[in-house]
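Peer 1: Chains A, B and C, in that order, give the protein sequences. Per our numbering, residue 7 is the first one in the first sequence, and the count goes up by one each step. Per our numbering, residue 33 is the first one in the second sequence, and the count goes up by one each step. Per our numbering, residue -10 is the first one in the third sequence, and the count goes up by one each step.
Incorrect hints may appear among the rest.
Cross-link-like lysine-lysine pairs, in silico, DSSO-like; alpha carbons within 30 Å at most [stated by the list, open to error]:
hint, chain 1, residue 1, chain 2, residue 2
1, B, LYS204, B, LYS102
2, B, LYS48, C, LYS95
3, C, LYS95, B, LYS141
4, A, LYS139, C, LYS235
5, B, LYS245, B, LYS48
6, C, LYS63, C, LYS235
7, C, LYS264, A, LYS101
8, C, LYS63, A, LYS231
9, C, LYS95, B, LYS57
Covered, in the sense of this in silico footprint (three residues per stretch, anywhere, with C-beta under 8 Å from a C-beta of chain B), are these stretches of chain C [stated by the list, open to error]:
hint, segment
10, 125 to 135
11, 179 to 191
12, 237 to 243
It should be emphasised that the hints constitute simulated quantities derived from the structure, not laboratory data. Even for Gly, the Cβ is constructed at its ideal location relative to N, Cα and C.
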Amino acid sequence: MKSFENILPKLVIAPGFLLGFTFIYGFMIWNGILSVTNSRMLPNYSDFVGLEQYVRLWDMDRWYVALKNLGIFTVLYVGVSMLLGMVLAIFLDQKIRFEGVLRTIYLYPMALSFIVTGTAWKWILNPSLGLEKLMHDLGWASFSFDWLVQSDTAIYCIVIAGVWQSAGFAMALFLAGLRGIDDSIIKAAQIDGASLPRIYWRIILPVLRPVVFSTILVLSHLSIKAFDLVMALTAGGPGYATDVPATFMFTMSFTRGQIGLGAASATMMLATVAAIVVPYLYSELRSKPHER
Amino acid sequence: MAAPLHIAGIRKVFGKGDKAVEVLKRINIDVAPGEFLILVGPSGCGKSTLLNIIAGLEEPTEGELRINGKNVIGMAPAQRDIAMVFQSYALYPTMSVADNIGFALEMRKVPKDVRTKRIHEVAAMLQIEHLLDRRPAQLSGGQRQRVAMGRALARDPQLFLFDEPLSNLDAKLRVEMRAEIKRLHLVSGITTVYVTHDQIEAMTLGSRIAVMKDGILQQIGTPDEIYRLPANTYVAGFIGSPTMNFITGTASSTGATSLFSFEGGSLQLPSPVQGKVTLGQRPEHIHLSDDASWRGQVTLVEPTGADTYVVVKTGVGLITVRTPPSTQVKVGDTVGMTVSSHHNNWFDAQSSLRLS
Amino acid sequence: MNAKNLSRLAVYSVLLIAAFFFLVPLYVMLVTSLKDGAQIRAGNLLSLPTSLNVDAWALAWSSACTGVDCRGLKPFFWNSVSMAVPAVLISTTIGAINGYVLSMWKFRGSDLLFGFMLFGVFMPFQVVLLPMSQVLGFLGLSSSITGLVMVHSLAGMAGTTLFFRNYYTAIPRELVNAARMDGAGFWRIFYRIVIPMSTPILMVTLIWQFTNIWNDFLFGVAFSGADSKPITVGLNNMANTTSSVKNYNVDMAAAIIAGLPTMLVYVLAGQYFVKGLTAGAVKG
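Given only the sequences and the hints, what does the whole structure look like? Please build it.
Peer 2: Listed below in structure tokens is the structure:
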């Protein structure tokens, strides 16, 4: 009877975990296998080519463009979102009236699909009828804003849309962190004569380091997945000027009939994410003492 | 429905290899039907582990466990017909008091009308009938405790287990609930094993006390036996407040009595013991006496209302003496002490075991 | 007194400007959707429509073109519904059961299993696209809503397991022990005790999953066919058609339609989301 009680929980989660692990790890391996074959439109497991697809990958200008864009996008997206989020959080923490309304306003973009965001901003940043025309109508005749269609500036439009979507989320994380700080520490600092900006800079912000860390983690993760936003705003264009690894992979695999190459790029994406996440997960799970 | 409990050779080891910790080392206890056994000891002595093993929430590494003659090792908790009251009460937060009390009956498919009747019976016994529709979050600590007991009582089990149920209550409530538990035991007559770290609870509630330390049963006996005839210095020092005084010295027998010499004094006591021994003497069996030869300086005077405890600094350390509240002794005074020739507890200085 | 008021003013100004930044796109979308083509060209982003024109909305819903199809967003809206609802329910249920076992019925290696599952939360889904499309093809489910439901359920499992497991670890072990002694078994404890205590985390998980699945584009565009496209794919197609005339008003109306469900969920239920995140298990 006791042994049944012992087996049942394991039986119950077995199917879910089996499916889940197949999905995660099984597919990971399968993708890896595809990346060492010369698959084109369809998988071709008999044509084993070793690391040739990876060599091809790192030989492509387009891949380097994608990586560069990812770098630019991630740094700016994470950096600006965090900065804006932090500032908004600090200001909101000052016992503001309408705090609830403001919070709702800052956060609602997170509820939208990146496609919706991308479609809206595509219109706003429209070279002839969007922001440029607005500025002209407001009197600033020499304003020009065709960033969206220029190869070297289009990526920044994606950053703007991305920040608009996610800064509120960074704000929410920081606000929660600020709210979690013990009031008495701040009171002690005030008695000690520190001014409010000083208090924030020397006492509060250092305490928020873990929040900064987890915000960077979540936002970086979102940026690596930023497939939807790019597709909606620029579809990777003009040309492939705003390609990112995610769009690169998709185009190669589903549009260009280069499954092997696409799989290789996916593996590269996985490796990047794993390099950051695995040590983090390992340290998290190790440091937690075993609960009963 | 009282059942005897037979614990034989129970061992529990946690961990493996060189990280293995033996939490229980061959425990043997026989609890008679209807008996109220207390398991008492400091944190980490293994008493809660033993209770969990009896309950079936944990399995022993080795040993035998019989309830009413039946071997229950390997049996799920629900099948052992045991009810347990937990330290945190563990009431089901989303259910009403009535549903909490009746839950076990519901699990056993007892018909609704029988269940309701029993719930009201138990609630009346515990004077919580007016709380039956409330949720646990709306109750005070004492009320929650009663509901937890009601949940156990409703079962009418073979065995009651209590895991430090009074630790979360304030002092006054604790005294009240102690009396309540004793009364309920009298009424129900169910065999009970009760875990506590509080020696006062142990002394007042139990028909027998089992003192544990480091996974070993130090002594098992009635409160009187434990108090008057402790089996070793640990038990002697654990039970009784203020604690027993211990004096280590050398005794040399001179016929019917011995000369017991120690640092700063000596006593002539009617006990035929020899060699390096420790004398244990309770504060109530030491008296202040102006013309005694054993002297020391008073460092603390603690009046408790009914008695006054005087702490005297001597060559063998601090000695606590109980005196009537009318005493005029002050801190700094030099006093003499006589030791009663009855109630001497002699222990081997090396092994700490009682010498007969 | 003045310095304090000045700084208050500065704070409010910044917050207000930020509010504008976040609200203006919504305003622009709404306003554009109510203009006709001429008004769009004549005015600018912020100008109000000279006459209210709801044609764009009707077009967006029932007759705008998304590639070769010209049926508006309506079919895709319902595709998303039939995809999201089952997927949310399935992934939440599996997550709850997994979380329950991993926190209250731990066994040797259960923490390790959890750790491995956790990676699924962070993994880039690009890496499962190709194998998944093979599997769906093999099962005859490619380009079907059922296939999408399957993918989303599998992909969501890691996140839902994480939510429930972390929430359930806060429930005291003694509660489970008391129930075991009362005679409740594995399922009874789950059904009678744990689930009634799960309302906060249930809200969090349902909202989170619905938002993610409704808003998804990657799986939608990779695994759907003409009749199973979710609304995100439909919207993207509509806004990116290379057909002759660009109907910005229709695009904006379509974008609002696509974004409305999750926005509504956020506005109406957002407080439960926040409450759920900060709630622990009930004490007592």
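Peer 1: All hints are to be evaluated individually against the structure, with a verdict given for each.
Peer 2: Tested hints:
1. B:LYS204 with B:LYS102: violated (40 Å)
2. B:LYS48 with C:LYS95: With a Cα-Cα distance of about 18 Å, the restraint between LYS48 (chain B) and LYS95 (chain C) holds, given a limit of 30 Å.
3. C:LYS95 with B:LYS141: Holds. LYS95 (chain C) to LYS141 (chain B) sits at ~28 Å (cutoff 30 Å).
4. A:LYS139 with C:LYS235: Given that 30 Å is the threshold and the Cα spacing comes to 17 Å, the pair holds.
5. B:LYS245 with B:LYS48: Holds. LYS245 (chain B) to LYS48 (chain B) sits at ~22 Å (cutoff 30 Å).
6. C:LYS63 with C:LYS235: holds (20 Å)
7. C:LYS264 with A:LYS101: holds (20 Å)
8. C:LYS63 with A:LYS231: holds (28 Å)
9. C:LYS95 with B:LYS57: holds (26 Å)
10. 125 to 135: violated (count 0)
11. 179 to 191: holds (count 4)
12. 237 to 243: Not satisfied, violated; 0 residues make the cut.
Hints 1, 10 and 12 from the list above are not met by this structure, while the remaining hints are.
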